[in-house]
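Line order of the protein sequences matches chains L and D.
So the first sequence is numbered by our numbering: it starts at 53 and just counts up by one.
So the second sequence is numbered by our numbering: it starts at 227 and just counts up by one.
Quick caveat, the hints were computed from the structure, so don't treat them as lab data.
One should not assume that every hint holds.
[What the hints assert, rightly or not] Coverage of chain D stretches by chain L, computed from C-beta distances (three or more under 8 Å per stretch; other residues unrestricted): (1) 243-255; (2) 280-292; (3) 314-321.
[Unchecked claim] Some residues of chain D that are not near chain L, with every Cβ distance over 10 Å (derived): (4) 296; (5) 298; (6) 299; (7) 300; (8) 301; (9) 302; (10) 306; (11) 310; (12) 311; (13) 329; (14) 344; (15) 345; (16) 349; (17) 361; (18) 362; (19) 370.
[Stated by the list, open to error] Just a few of them, taken from the derived set where beta-carbon distance is under 8 Å, the chain L residues facing chain D: (20) 118; (21) 411; (22) 427; (23) 429; (24) 431; (25) 436; (26) 438.
Small disclaimer: the values here were computed from a predicted structure and weren't measured.
All C-beta atoms in this analysis are idealised placements derived from N, C-alpha and C, irrespective of residue type, glycine included.
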Amino acid sequence: MIVELGHFTLILAFCVAVVQSTLPLWGAYTRDARLMAVAGPAALAQCALVAVSFAALTYAFVNSDFSLRLVVLNSHTAKPMLYKITGVWGNHEGSLLLWVLALAGFGAMAALFGGNLPATLKARVLAVQGLIGVAFLAFTLLTSNPFLRLEFPPLNGDDLNPLLQDPGLAFHPPFLYLGYVGLSMSFSFAVAALIEGRVDAAWGRWVRPWTLAAWIFLTIGIALGSWWAYYELGWGGFWFWDPVENASFMPWLLSTALLHSAIVVEKRESLKAWTILLAILAFGFSLIGTFIVRSGVITSVHAFANDPERGVFILMILGVFMGGALLLFAARAGALEAKGAFAMVSRESALVANNLLLAVSAFVVFIGTIWPLIAELVWDRKLSVGVPFFNAAFTPFMVGLAIILPIGAMMPWKRADIARALRPLRAAIVLAVAFGLLAYALQTGRSALGPIGLALGVWVLAGAVTDLMARTGRGDLGARLTRLRHLPRADWGKVTAHSGMGITIFAIAAMTAWVTEDIRVVRIGDSYSLGSYQITLVDVRDVQGPNYTSTMAQMRVMRGGADVVTLFPEKRFYPVAAMPTTEAAIDYGLWRDLYLVIGDAQDGGGYAVRGYIKPFANWLWGGVLLMAFGGMLSLTDRRYRVAAGARRSTAPATAQPAE
Amino acid sequence: MRALILAFCLLASPAMAVNPDEMLTDPGLEARARAISLDLRCPVCSGETIDDSNAPISRDLRLAVRERLLAGDSDAQVVDYVVARYGEYVLFKPRASGSSLLLWLAGPAMLLGGGALAYATTRRGTRAPEAENLTDADRARLDDLLRP
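Pulled out of the complex, with its shape left as it was, chain L reads as follows (with noise of 0.2 Å):
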């Protein structure tokens, strides 16, 4: 009953989606304010409605109701409650419905606070969202329907893969997804300026909060993903340039992108039509990156999708409003005149920098991943495109994107002189050659990677800092202090995320040049040392967990005769789902991690053995994390929250000057 009522109500979001995205427009275009005035509640119907059929869904989880399809292939009575729960989205049709249930919850949220947008901007935003909305809630009653009924009930299901039986994996596709959609919203507002035709200043503002919150989710969710690999797959990497990693890290880059135009276009009214530009390709990326995804038309580790059907209708979804806006953009970017010239050397141009390289590196991972189908059809060549080749064509670019970061911060609006804005800069500099020399000095015959990581690392942070101090201005150092502590947020937020690129450049390589790696063979009661650790296999034993047995070793972490930790690494087999996973033991430090693997009895007695000292990688989390705190402090700053103020007040909203 409760699952027909979720049934019922997804149809019913559909319809109400449709009056969404239809209404409104033509209320917008004949100003008609009582149509126009739908789309809001229609907005707020949507997300009720998605809501309810999510709650249904997640009911029959929670009651393993074996007479739905889905809760058969993704649930088990003894798996767990939480894995219950995030079973709801660890599939294809469950994870479309959360999908749609975030694009309902953003359409819903333009409509409680888009209070202070003009009446037919926020009436087309709306139905464009609706109109997203329109064709991913088809798809998902069409081909994916997450409440198909099964006519003879088995006794138990076919368990969830026990790989997603994690935490850290539980709340990794929430965050991206939403991430994923909040670029629906920057999308809706590019389509709804081209279709008005005007793009100012506080369109500029209005859209940089809704980007900077799907960007936010998205860097949570890349880093939550890369994070469940590090300790899940049992050899301490966290990031494979798979087809579905780079299928989330496209939309980041390109939002990361649009985060830094719309600044433009927000302080300059300058960029407009490649911010345009920028958010409806952001959007795109996402709709690609479902598309992969769901498509399984890039063969990748992850293509348990493999559905031609889906793949086609989501291809159509893409061709549409990739077309649609292309084309909108094609006859209207014209109109879009630039206000604010700027010289060649500027913060403007600094910012053009940034986004080129970023765009470009966006360009390269999308290349590399598609370029294995394009060669096969084109050339009939069947080739592979991995790790070693992004690598070498993609991070050049970061190179380059970290050595101007520093300048184009600190560089004045409009005109600005490079020499000038270097010379507050000289300490960072010192800093970071220095650091580097220090670095290659101390480590003999490795790779030159970590040096360079850490120089640039040293350099972005440092630059950073030296922006902040900048900012207070002159005198003595009280006064700057106290100046300090009253920035606006926007520049607390800019140069923490700043911060966190830098550290996140230094723990990579770091972490990527520094490592030490041990495979040996260890029998019981055998030590061994790895760096200055010695280790000793003190135990293994057979363990019995709620839905898996563990064969779990107890080793013992010594280091100069003095206990540092006993690790318990174990190998895990899940009886239902017939697979085996491994679950490394790691001692987490600030300096280091230390990571020990077990791996099978060996024939001659003893066990394989995996050890890494993986230094620094708890700086690779942080620094992601600090870039995403960045975002939230510069989304909670004055001027969007004066904004939304203005709403209640009945004065027009319009173009603010610019700060």
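Got chain L sorted already, so can you dock chain D onto it with the hints?
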């Protein structure tokens, strides 16, 4: 997407891709073998290197790589040896030749093209407007005023 989710289903099970019994005693040769293995794709798996993969053929390839190294081959010769038998499919980094050259040049070409476009657009923007005809004295005064 559940991005990483099912990710590496295949990767995760084989915690022990490179087994201790395969490894060479000479650390220099072993390091070269590892580096080569990381660039070679397991021919039967999806998206795994022979270094990660647990498939029997990957083990054979790992052993073959080590055998060739022991026989005194250079890294390039070892890779050629594997490519000659399994095709360019096993290379995770396509060679920059033939149509694959396009893949390698795509990024730099876009950077140059985009850079030229941005340069041209910015130039057109700067030439037209405001106060371009300042004297040096004006500019010095302006700089003075604008100094933070």
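Now for the hints, and whether the structure bears them out:
1. 243-255: holds (count 6)
2. 280-292: violated (count 0)
3. 314-321: holds (count 7)
4. 296: 19 Å, holds
5. 298: 22 Å, holds
6. 299: 19 Å, holds
7. 300: 18 Å, holds
8. 301: 13 Å, holds
9. 302: Non-interface label on residue 302 of chain D holds, nearest chain L Cβ at 14 Å vs cutoff 10 Å.
10. 306: Correct as stated: the minimum Cβ-Cβ distance to chain L is 16 Å, above 10 Å.
11. 310: 15 Å, holds
12. 311: Nearest chain L Cβ is 14 Å from residue 311 of chain D, so the label holds.
13. 329: Residue 329 of chain D not clear of chain L: closest Cβ-Cβ about 5 Å, inside 10 Å.
14. 344: Check fails; 5 Å does not lie beyond 10 Å.
15. 345: 8 Å, violated
16. 349: 7 Å, violated
17. 361: For residue 361 of chain D, whose nearest Cβ neighbour in chain L is about 16 Å away, the distance exceeds 10 Å, so it holds.
18. 362: Correct as stated: the minimum Cβ-Cβ distance to chain L is 14 Å, above 10 Å.
19. 370: Label holds. Min Cβ-Cβ 12 Å, cutoff 10 Å.
20. 118: 22 Å, violated
21. 411: Hint holds; residue 411 of chain L Cβ to chain D Cβ min 7 Å, cut 8 Å.
22. 427: Holds. Min distance 6 Å.
23. 429: 11 Å, violated
24. 431: 5 Å, holds
25. 436: OK, holds: residue 436 of chain L within 8 Å of chain D, min 5 Å.
26. 438: With a minimum Cβ separation of about 3 Å from chain D (threshold 8 Å), the hint on residue 438 of chain L holds.
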